[in-house]
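Here the structure of chain R is known, so what remains is to put chain H in place on it, guided by the hints.
So the protein lines, in turn, are chains R and H. Residues in the first sequence are numbered from 1 upward in steps of one, following the working numbering. Residues in the second sequence are numbered from 1001 upward in steps of one, following the working numbering.
Mixed in with the good hints there might be a few duds.
As the list claims (entries may be wrong) - Straight-line alpha carbon distances no greater than 25 Å define the calculated PhoX-like cross-link-like pairs of lysine-lysine that follow:
(1) H:LYS1014 with H:LYS1074
(2) H:LYS1192 with H:LYS1149
(3) H:LYS1128 with H:LYS1074
(4) R:LYS179 with H:LYS1029
(5) R:LYS176 with H:LYS1084
(6) H:LYS1084 with H:LYS1014
(7) R:LYS195 with R:LYS176
(8) H:LYS1161 with R:LYS179
(9) R:LYS195 with H:LYS1014
(10) R:LYS176 with H:LYS1149
(11) H:LYS1161 with R:LYS176
(12) H:LYS1021 with R:LYS176
(13) H:LYS1128 with R:LYS198
(14) H:LYS1021 with R:LYS179
(15) R:LYS150 with R:LYS133
To be verified - Quick list of simulated restraints, FRET-style, between CB atoms:
(16) R:SER64 with H:PRO1115: 48 to 54 Å
(17) R:MET159 with H:GLN1090: 26 to 32 Å
(18) H:THR1016 with R:ALA215: 29 to 35 Å
Calculated directly from the structure, the hints in this document are not laboratory data. The C-beta atom is built at its ideal place from N, Cα and C for all residues, glycine as well.
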Amino acid sequence: MLRDITLGQYYPTDSVLHRLDPRVKLLGTIVFLLSLFLFQNFTGYIIATVFLVSMILLSRVPFSFMVRGLKAVVILLAITVLINLFATPGIPLVSFWKFTITKEGIRSAAFMMLRLIYLIIGSSIMTLTTTPKNLTDGMEKSLSPLSKIKVPVHEIAMMMSIALSFIPILLEETDKIMKAQMARGADFESGNLFKRIKNMVPLLVPLFISAFRRANDLALAMEARCYQGGNGRTKMKPLKYHLRDLAAYLILALYLAATIVLPRIPALKL
Amino acid sequence: MSLIINHVSYYYNKNTAMEIKALDDVSFKIEDGEFLALIGQTGCGKSTLVQHLNGLLKPHEGAIYFNGENIADKDFDLHTYRGKVGLVFQYPEHQLFEEDVFTDVCFGPKNLGLPQSEVELRAYEALKQVGIADEYFYQSPFDLSGGEKRRVAIAGVLAMKPEVLILDEPTAGLDPKGRDDLLHLIRNLHDKNGITVILVTHSMDDVAAFADRILVMNAGQLVFDDEPRNVFANEEYLNRIGLSVPEVTRIMHLLYQKGLPVRQDAITIEEGLQACLEILR
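So here's chain R without its partners, still in its complex pose:
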């Protein structure tokens, strides 16, 4: 049942992208997302597509896994496309009743759709290839300069990683309690909205109790091991840059330069 949900979305396999330093992937994702807003013509999209497709291939994550993330935003996509299609002024192509589709409308709808899809696939490549633990490590390290101005970077990262590691635990717990109540004849699937909400009580009460119990146990276990926050704390596996990370930064820089420069060369304006 709930075990089939792939939350946190990490896909365990061995690829170059999996081995990259999480900081590279964080910056890379940000660069890719920003780059999508730097151009308005086909040349830019061709560069972005080439880059994205090579990343997908490099990640060795099945494409079907990436598309899964799109399902959640299908409605948003549809609305954006429709608004762009009908509300962009320009040379009319087809018109019926009060609606007109313009050449510019088709163009901007297509661009907008591509941009949204790329945004989602681009960011899911990061979560699919990076364990939550690595991701928070990378964030902590990248944001560590902020601790100079008294931002509790370590604490925020710790809370994030605890929250992330609790997601599967709580999902499993939910699954277990749900099954235990179903074994006692509980019904979570039928009835109207009000009845369904009422039927959730046998699930929610034990779940909250167990979440509090676990939080309490974890706090005690951390204190018993003298956890005092980030001061003077060292890492078992400190993040270190390798040659491949530098190469990745170089590729990123080239990509960024390409998306800025190429679409602006008059001969390549498509």
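Showing chain H alone in chain R's frame:
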């Protein structure tokens, strides 16, 4: 009542990179009034199997037949079935949720759609069976001790009057007295009320003392389905799959290796004593 498990296989995370075969072609049959023990290392598929028996999981391959009907069929009444095959999960006290003990125990029979008077009668009987005194009935279940909570949770399943009772490691985390009480309760349910019992456990001594038949699982496969005595004759193999034999059997084997010609098929303390007396005579 008959329950047939026919070539059942089950996968977790089917069709992904994380696919695990949790059950691998498992077949056996449960007869009326049996006391079965299900043993195996942690992660061998016991809990998965047990959830199949109660219809919570549906097999990917194979089928389970209750009195000849496939329980995965669309028109099979799973709701009533779950009342007939009661499942007590590991740490069942975590499923308690009502304001008081009595109402919590009423939850199961109420879900079966019985009239209120019958529901209350069953809850009362079940609580009496597990030895919860009247003065606890209207207390919050969260105020009870661990052992009491567990008994209340078991009463919650018993109140549905199951024909088959499956208990997944019911004694985990209990003190020795709590353990003994609970095992005697289970034995009574089997002997007096004629309930078919399937006990998932890690204690070989309990298995030897109670079970008529043992199912041994390893890596999703059913490797033994036999009487305790026959199963425990394979000490070496059991050790290899992370299990052991009862203490007494172990001692008999060691005595034999030291040169005492004792019988080696003793699995309970009484039998061990007999075996020792035999060679002393």
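*Which earlier hints can't be squared with this structure?*
Violated hints (numbers, rising): 3, 6, 9, 13; every other hint is consistent with the structure.
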